Amino acid sequence: MSAHELIRVVAFAASAICMGLGAVGSAVGIGIIGGKDIRGSSINPKQQGALLKTMLIAMAIASTTAIYALLVALLLLFLIGAV
Amino acid sequence: MNDVGLIATKTLFIPELNFKVTYNPQILLFSWVVILLIFGLGLFLIRAVKGAPSRRSALLETLYGSFSNMATEAMGADGRKFVPLVVTIFLFVLISNWLGVVPGLQSPTKDLNTCLALGFLVFVVAHTSAMRKKGLKSYLKGYFEPFFFFLPINIVGEFGKLVSHSFRLFGNIFAGAIIFALSGPVIIKTFNAIGLPTYSASPFILGALLISQAFFGLFVGTVQALVFALLALTYIAILREA
Amino acid sequence: MDIAYAAEAAKTAVEVAKALPIDGKVIIRAAALLGAGICMGAGAIGPGIGEGIVGGRACEGIARQPELQGVLTRTMLIADAIAETTGIYALVIALLLIFVVS
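Protein chains in written order, with my numbering: chain A, 1 to 83; chain B, 1 to 242; chain C, 1 to 102.
Rather than coming from a laboratory, the hints here were simulated on the basis of the structure.
Be aware that a few hints might be false.
Unchecked claim - Label-pair restraints from in silico Cβ distances:
| no. | chain 1 | residue 1 | chain 2 | residue 2 | range |
| --- | --- | --- | --- | --- | --- |
| 1 | B | 184 | C | 67 | 46 to 54 Å |
| 2 | C | 96 | B | 153 | 29 to 37 Å |
| 3 | C | 46 | B | 212 | 28 to 36 Å |
| 4 | A | 46 | B | 102 | 21 to 29 Å |
| 5 | C | 70 | B | 17 | 46 to 54 Å |
| 6 | B | 148 | A | 46 | 45 to 53 Å |
Quick caveat: nothing in here was measured; it's all calculated off a predicted structure.
The beta carbon of each residue, even a glycine, is placed where N, CA and C say it ideally should be.
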């Protein structure tokens, strides 16, 4: 195995680990937000519009770190793992 | 990634002045397309200002009024001078996110330079208006706020806000662009590997593109534009309050 | 004539690079890339869960007292910005490992 190939192997492995672990946190977080939003809707059904808006904003922000992990994974995959 | 058209840069080099800059002509072109579209939207909506209430004036009132309400809630009466900036940023980000959904066009916000420029603009506006309103001493004292040793944490926090603000928008739109650019070749290669001919993959490609663009392009683009504008308003409001 | 010679030189250079043996510098670069992947992956877990808890409590608070919607949304955004910073530390270290380690 030459140097070039070793770097590519490790880049692919690192990209997989990165995106795989990075999806854990934001999935749990978005689930918590959804659950609390449903509970809030059942406490106060008249506020569903405001609750939906707040839930979407909170979900968009909670998924940010998964996007960072996606960025690093794509960098490793295409910029370093390219032929 | 050059062959899928995701990064295309040219370098402008002036040897006499020792000046070298790398730029992306596609992104510049589509930024101008977005600006022209916003002008067109403005001309379309300006006719709703006089005359009877119509659908146009309802659209204008919803758009400007909701941001104006949020600004006065957050900053009091002098928040209204920031509303044009926030609405412009919202419209620019929204239209440029939507532009990438159309098959021939690309979004300017899929490039990190556009997103960092917008984030840096909000950063500069927030800090200079806070310095003007509170005076230099009170602004600097704010960095020592809860405890004396919080100074490095606060400074890093400010840069962290800038980075997260820009990278959130960039990451979402860039991921959508990659999915759009790569879904075709991936499906074709999978079909070739199984043994089916290439042309039988075309309805699957069309379906995958439609579904992915409807989700990633329109929905995520709208939500990210709203979050970007809301956060811009919030950062200006936090720095201005005493 | 020069162009043909340059093309030949470029091709042999690529072949030489592909046949380089594995020595210390290559292992350092490979380890840096692996570290970048682990860093960003594990570093994205914490802020994700944290911002989830913040957003969830904000939703419940708005359900209990809808008049405070503006204040609660702003507090949620401030808390998110601060919870984000450790994620940004992880991103910065990952990018440094990818681009700066030779």
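Cross-check of the supplied hints:
A hinted range of 46 to 54 Å for the beta carbons of residue 184/B and residue 67/C is consistent with their spacing of about 51 Å. For residue 96/C and residue 153/B, the Cβ-Cβ distance of about 20 Å falls outside the hinted range of 29 to 37 Å, so the restraint is violated. Separated by about 29 Å at the C-beta atoms, residue 46/C and residue 212/B satisfy the suggested range of 28 to 36 Å. A hinted range of 21 to 29 Å for the beta carbons of residue 46/A and residue 102/B is inconsistent with their spacing of about 39 Å.
Restraint check, residue 70/C to residue 17/B: a C-beta distance of roughly 51 Å satisfies the suggested window 46 to 54 Å. The beta-carbon spacing between residue 148/B and residue 46/A, approximately 46 Å, falls within the hinted interval of 45 to 53 Å.
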